[in-house]
Each structure stands twice: as structure tokens, then as C-alpha cells.
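Those protein sequence lines, which keep their order, are chains A, B and C.
Under my numbering, the first residue of the first sequence carries the number 3, and numbering increases by one thereafter.
Under my numbering, the first residue of the second sequence carries the number 3, and numbering increases by one thereafter.
Under my numbering, the first residue of the third sequence carries the number 3, and numbering increases by one thereafter.
It is worth saying that the hints were derived from the structure and are not from the lab.
The beta-carbon is built from N, C-alpha and C at its ideal position, and this holds for glycine as well.
Just so you know, not all the hints are guaranteed correct.
To be verified - Stretch by stretch, here's where chain B covers chain A in the computed footprint (C-beta under 8 Å, at least three residues):
no.	region
1	42-51
2	223-229
3	291-300
4	311-318
Claimed, not checked - Just a sample of chain B residues kept apart from chain C, beta carbon distances all over 12 Å, derived:
no.	residue
5	Lys4
6	Gln16
7	Gly66
8	Lys77
9	Gln88
10	Ala208
11	Ile211
12	Asp244
13	Glu261
14	Asp302
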Amino acid sequence: MKHFYHLSEFNYEQVQSLVNRAIELKANRDLVDLKNRQVGLLFLNPSLRTRCSFEVALRQMNCGVSTLDAQSLWKLETELGAVMDQDKSEHVREAVGVLSRYFDAIGIRAFAQGVDRDQDLLDQTIRTFMENSQSPVFNMESAMYHPCQAMADLITIQELLKTFSKKKITITWAYHPKALPMAVPNSILLASTLMGMDVTLAHPPAFEIHSGILDMAENHAKKSDGSLRIVNDRLAAAEDADIIYAKAWGGMSSYEDKEQEEAQRQAHKDWIVDSELMSKSNRGLFMHCLPVRRNVVVSDSVLDSARSVVLQQAENRLHGQKAILEWIFS
Amino acid sequence: MKHFYHLSEFNYEQVQSLVNRAIELKANRDLVDLKNRQVGLLFLNPSLRTRCSFEVALRQMNCGVSTLDAQSLWKLETELGAVMDQDKSEHVREAVGVLSRYFDAIGIRAFAQGVDRDQDLLDQTIRTFMENSQSPVFNMESAMYHPCQAMADLITIQELLKTFSKKKITITWAYHPKALPMAVPNSILLASTLMGMDVTLAHPPAFEIHSGILDMAENHAKKSDGSLRIVNDRLAAAEDADIIYAKAWGGMSSYEDKEQEEAQRQAHKDWIVDSELMSKSNRGLFMHCLPVRRNVVVSDSVLDSARSVVLQQAENRLHGQKAILEWIFS
Amino acid sequence: MKHFYHLSEFNYEQVQSLVNRAIELKANRDLVDLKNRQVGLLFLNPSLRTRCSFEVALRQMNCGVSTLDAQSLWKLETELGAVMDQDKSEHVREAVGVLSRYFDAIGIRAFAQGVDRDQDLLDQTIRTFMENSQSPVFNMESAMYHPCQAMADLITIQELLKTFSKKKITITWAYHPKALPMAVPNSILLASTLMGMDVTLAHPPAFEIHSGILDMAENHAKKSDGSLRIVNDRLAAAEDADIIYAKAWGGMSSYEDKEQEEAQRQAHKDWIVDSELMSKSNRGLFMHCLPVRRNVVVSDSVLDSARSVVLQQAENRLHGQKAILEWIFS
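For reference, chain A alone in the conformation it holds in the complex (with noise of 0.2 Å):
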């Protein structure tokens, strides 16, 4: 049984096997037959993307496909040994157990609670229902990690750019109205790291990568032949690009401290994706993984220009997912 929960649990050449396969599965729609496996999709949290590529792979695969939110669901319980005389009528023990008797596989969303730092770094929900389903689970994007936005990052890239190996990205971060959970940057750096690109981050001190993430990011460019900086300096970071990755993300440094983490983003609402920011680039592909805050995140000139990619993206989270969802059934 094979879960699948974030890409550095894969090497270079898996990576890079799953993304020609998807990019064949794009042309040619009706090539798998999963042979009418039933999947459940639960999102705890809100989806648009991720809710309709999925439903849209697995019937085109020939799977039924269920879609749950957190109203259907029963509040949950997550702590061992509760007594449950409150407002929680089911543990996730039971829901997940029950589940994964009914559906082949299970996906599952849930996002970073925003709250205690500790226990988003531990991606707890995920792996409670890694830990006790019977059939597979994949990510739909959790706390740390969001692997199906990063397998179609990288088909883009591939289609775009033909290689990966020294292409530059530059990942920078971008200002937003509100703290965004972490789990896109995460898993842009990771994957860009695994597949051998020379990589920028950039962003603005106080809104550093989590170490744990930043390690494992430059043990994948060692490994890969990539490369690593981090800069602080958005237009610099943007020099000689050939792709403009924007992603807005909440500060680490200030997780608990809401009041200091808003402050600390609001100084810095220059750190938006403009023309003047591409014009640095090698003629760079802007991406971005939507939803995009327009004139915020990224300038209307930018996300209009044809160097705008990010609906390509979106497209491919539908390929990349068929991919996946043949290596879990395979």
C-alpha cells in the first residue's frame, strides 16, 4: 500500500518519470483504466482546483469518486485517550478506519491551523490518517506540504523549459492581506531543489523557510547538482530569472504572535510580482499557483502578459494528479 504524501519522498528519476507520464496522459486522456475504483476526496478545508482536477482524473480514469467536507463529516477528535463527553461525537481512529473500508483510496486536505507551531510542524492530520487507514492516502495539501501543486509545477517547467538541470527559479515571496499557510513555498523549494535548478528565495527578513524545510532544500540541491541562495532583496533576487515563482506566505518567526506577524507582513506590500520586477528576469515565465491576489500578489500586466503561465499550471495539476493516482493504484 502506497501513500503519497510529499515528492522528497521520491529520487530525481521517479520525480522525473511521473511528470513525462503525465505529460503523456495530457495527450492522450483515455490512456489508463483504473477499473471503477471508488476514491474519497475530504477537505477540511476550502477547494476549487484541487476538488475539480481530481474528480475530472478519477472519472476520466474510470474511478467513482466521492467528496466530502468538513460538514459532512462528524466533528472529530484527534487526541489519544479523550473522553469525549463534549462536542466531538467521532474519533478520527473510527472515521478514517471506516472510510478506508469503503473507498480505494482516501485524499485528503487539511491545511495548517495557524495556531500552535509545533503542531503544524508535525503535519499531525495527515498522518493520523496515514497511520490508521487501509487504503492508501494522498495529499491534497496539508500543513507542510502541497505535492500535487508541485508535480505541476514542474510539468510546466518541463514543457516550457525542456529541462530542468541550471534552469533559475526564483522563488519569492509576496505581500498578502493575510498569513498563508506554508505548504506551496515548502514544496516549490522542494521540488525545485530535487529536480537540479538553480534556486533563489527570496523574501524579506522575518518570513524565513522553516529550517527543517530549508535543510532537507539543500541536501536535494547537493544531491542534484542545483543550487541554493536566499536573498532579501526582491529585484536583485528577480535577476537573470527564468521563471518568477510569487507565493505569499505567513511569518514563521511570529506564528503565534498575530498581531507582530501582521505587522511584520504589512511593511512590505512593495513585494508584489510587477513588470518592473520581470524586466529583471532572462525573458522569465511568471507562476504562480492560484488562487492570485491581482494588483496585490502580482500586477494586472504581469498576470495578463504571455509570459504569464499559471492557468497552463492549474491545467496540469489534472495531468499530474493522473499520473499520480496510476503510481498509487499501480
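Starting from the known structure of chain A, fit chains B and C onto it as the hints suggest.
Here is chains B and C on its own, set in the frame of chain A:
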């Protein structure tokens, strides 16, 4: 690529042909295989009939269907050039761009908002979808039109009266505790005049149909050798009618003055379809799009009589929509 | 046209035959093709197991399924002759009439409302559905019965004890912070007596099962050569039992006096299934319909022991419902 927006975009022969095809599909539900096409149904407003009939129609035609509601989407920005630093996290241009890359067609329901009359008359939401979509968009009730309902109405008339030409239909306003949207009355008015029926439109003063729609209806009647007259006397309107089609709608003239509109509406609580009214007709059929308020819009005695064909109308939603889907994909 | 309302409408042989068929279908999930029939599942109350198991069962049998909740419907009027000028915009007669013209069968979940005891005893919602539907209606838990749960319970007993006759089952009340409905205890009581088991029903005074159900159970026991005894001592009730079936339910005698009912319930917090209770049994199995409150209804030590078969019960929902669906459509 063909959008399905409203019936007045078709001519008499095309509508007659869709009606005939729907009746064929009703007789043989397994006639068409749309080859696992994937369709998204997006409901920005509630639905029972439309949702269920489209889901069943699509699966009977071997399509996959994803049903989304407003909660499934991120809160959408619709303004061009907006600086998205408030509560809306996705622009409708990206949302439609993405959805139309996953789905082979998209159905959209977006009622009139009842706040800004001119805005509603522009039917902006469905138009934005049609403008930004890579795949066909079909109308599951917009601010201005409900063509799937009109199609079901025509199928029912064809089944019961065998022809449209010269058949007398009275479209009568009815009292309702809320100011309802105009999509249904607009659509049956346009459809019946398009098909050459003798149409009587009955409503109290202050409940006029919008002049742009009336102009279209008059043009339809001229071309189809039908007729259109407007009266303010509910009983006189019913005389000799083959069909009494009841529908409540809010006043267009006091659209943005809720209190005045309500006062105008409350003054006409006697506008109910009851046995007295039906007795004026030519043993007329009673039609309504449902849901209907019993003993407010229509009396139990009429709704439960053999002349009431509301359930047949509702069933014909299914068959009409199959003909529409087949047209979209052909 | 066959409705599936509750198991007491079947005789011993019919139920045994459904149980056997379910076990066959468990061994071979692709045994039955129900030919793209379209089924609507209408949940007026929350569901996890029932929803997922029916969705999977239907798709594995090549049916299409639409899942609706209370929000999917317009607010329904149920009173005959009502003047619908308040907040309810559709009468249940139209809603059912329409749905049953789209769907080849309709599943309905409508819990007891816990307000009016006599109203709940009449099981009015599902009865209204059965009376107004053009297609078969099946019970996904009504105010009075949960026959799909009882079917799963019987399948589990058959698998583990090989026979029903003379097997000792103790159905024991358990404390719970809320006054839960009676459908599950009613249904396992009726099913176990129907199948000829030796049944002990255990509860504190004031938590009697309704006399109408008790009469049916006694008649079942007489006919099946089983037995039924009622005791108020939780430990004594467990003696020599092959099965301990725990379930919380609210008091029938104080149904409309919430404060008194709560006080009666709070007085019996010691009614938990723990190791001491299980040790009285004949190495008994522990059964519960789920969701279950850990360390309130049952201790972790019992629920996590090898004697606990709650996940097997839950899985058997899937297989039992397949046998039921096959029966409905045969």
C-alpha cells in the same frame, strides 16, 4: 464552441427541432453517448430541479458531472483592474479560465441580485463566464433568462396540445411574499411568441416586463405569425386560454425601492390562480415552473386537478436538457 | 414498486436470504450490474457512513448517484392545505413528485426531531415520501427505523457467530451527553428478535423502548423461537452474552421535557461498556453502529480490543446495502 444562453438566439425551426429531439430522448433514455465528457455545474443560487435533472441527464448520457456551489468557490472578484486586498481571493477570470480547462462544458446559475436594476439587466455574471471560458457555457438560470425551463415548457405544450401555432397561452403574474427574479417570465414570454402562440400577458400595473424583452417578444410574434397582448385584468386574461401559465415576479419599476415594490405587490394578493380563474379558460392546462406556493400562487384545487401539468413540466426539464447538451457537443 | 422501510416488513427467510446475498456480494464486488439506474440520496440530517457506503455501493453496481442535503432543497412545507405565505417555498408533495420522476429510486434520511413525541412515532417524513413517490423509496434512517444498520449488524453476526438461533445478544443503553434518537435501538431489537436470537434489553428505568416496538419484538421472538427479556442492571444483563451491543438513546417518557430527560440521563453516567462489563460476557463481541463516544459509551480498552467488531459492522453497511438495492430493483 457553442454557448447556450437563451432561446431567442435560435429560430423557430431550430427550437422545434430541439423540442422534437427531446421527445425522442424521452422515449429512449439511452439514445446518446456523449463519451465520458466532463461537465461542471456551478450554482451561485439554490437549485433542486435544475441540479438533479442535469446530473441525471449527464450520467444517462455517459458524462461525468461535478456540482459546485458558491461555497465551493473562493469569493470571486468581478471588477476589471481591482486591487484585490479585501475579502475576495480569486478573480472570476482565473476561476473561469481554470474550470474551463478541466470541464468540457460549464453550466452556470447566477440569479439577478435584486440590488442594481441596470446591473441585473446586463446579465453580467453569465456573460463574464461566456467571455472567459475555453469550453461551452450553458445557462442554468441567469438574471435575465431560464432557457432550460422554457424548453421544458415547450416540450410539455407540444406533448399536450400537439402544436404551438395559434394556441392561446395566458402568462399571468401571481402574488408572492417575495420579489422574485424575472428570468422565468422573460423566458416563457419569448419562447411562446417565438413559436407562434397567441400570448396574453397579464399583470397588475407596476409589474411590467422590461421593455427590451417586450420588444423582442413583439418581434418574435410578428415573425412567427403569433400575437401578444398585455392586460391588467386577471379574469379577463384567462378567457378562452388553452394554457394558464402562472408566475410571480418583482416589480421592475420599483426595483431598487424595496418598500414601494412590496407595497405594490401586497396590493394584489388576489392574483392567485383558482378554480374561478381556470373556469374562464378553454378547459386550460395549468403550468408553473415550480417551486410553487400552494394557496398563494395557485389554489390546491387547481394544482391537484387533472389540468395541472406541473410535474410533467418538471420531468421535461430532464429531456429538454439532454437535447440541449447534445446540441452543445455536436 | 418496492419501498424499503424496515426489516419487520420481511420474514425470517427473506432477511436470511438478504444476509446471505450480502455476504456473496462482499466476496465479489462486481457481481451485479444495475444498468446505469439513477439514484438520489436525500440527507435531511448529517451522515458519514450511510452516505459514503451508499455512494460506493451504487457506483460499484453501475448506478449513478446524486447526494442532496437539506440545503439542496427549498424549505419544505409538509402540512396539507397550508397557505404557503411564510418561509417555506415548496410543498413536499411537489418535491417528491419531481425527484421521483428524475431518480429510479430515492433514499431518505429524516431523523426524529425530538420535539413532538407522537409526531416522531408516526415517522411522517419518510411516510410522506413513500406516499408521493413514483419510484421506490428506501430508508437511510428515519425517526423510527435504521434498517440498513440492522442489516449490517446481522451480516456481522452471521459472519462471526455463523447462526442467529439461540445466540445471546445484550442490547445495552449507554450514557451520552445528548438525547439521541431511537431508530438504531428499535432496529437491532426488532432484527435480533426476528432472527430468533435470545435478546436481553438493558437500560435504566425511564429509558424504556416504545411499547409499540416492544410488542413487535415480542411477536418476532414468539414466531422465531427466540426470546426477549428486559433488565435494569447493566452488569447482570451482560452475563453469558455472545454479543454486547451498546447504544445511547433519549428517554421516551420525558420526550418533551428536556430538563427532566437530561436529569434522568445524567444519573446514569456509569452505563459505559468497560472491561468489567465485557468480562461478564461469554467472551462476547462488542458491537456499536458508530459514531461512538470513546470513554463515554465505551472504554478505549474495549473498543481497541480484538473483541470489538465495529469497523467490520461499518464495512458491512456497504455490502448489506448492495443486497437491498438489488432487491429494490429486482
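Okay, the hints, checked on the actual structure:
1. 42-51: holds (count 4)
2. 223-229: Since three or more residues must qualify, the claim that chain B covers the region 223-229 of chain A is violated, with 0 doing so at under 8 Å.
3. 291-300: Answer holds; 7 residues pass the 8 Å Cβ test.
4. 311-318: Result for this restraint: holds, n = 4.
5. Lys4: At roughly 25 Å from the nearest Cβ of chain C, Lys4(B) sits farther out than 12 Å, so the non-interface label holds.
6. Gln16: 26 Å, holds
7. Gly66: At roughly 10 Å from the nearest Cβ of chain C, Gly66(B) sits no farther out than 12 Å, so the non-interface label is violated.
8. Lys77: 18 Å, holds
9. Gln88: 26 Å, holds
10. Ala208: 20 Å, holds
11. Ile211: 22 Å, holds
12. Asp244: Asp244(B) clear of chain C: closest Cβ-Cβ about 23 Å, beyond 12 Å.
13. Glu261: Given a closest Cβ separation of 19 Å, the condition holds.
14. Asp302: Contrary to the label, Asp302(B) does not stay out of reach of chain C, its closest Cβ about 6 Å off (not over 12 Å).
Checked against the numbered hints above, the structure breaks hints 2, 7, 14 and satisfies the rest.
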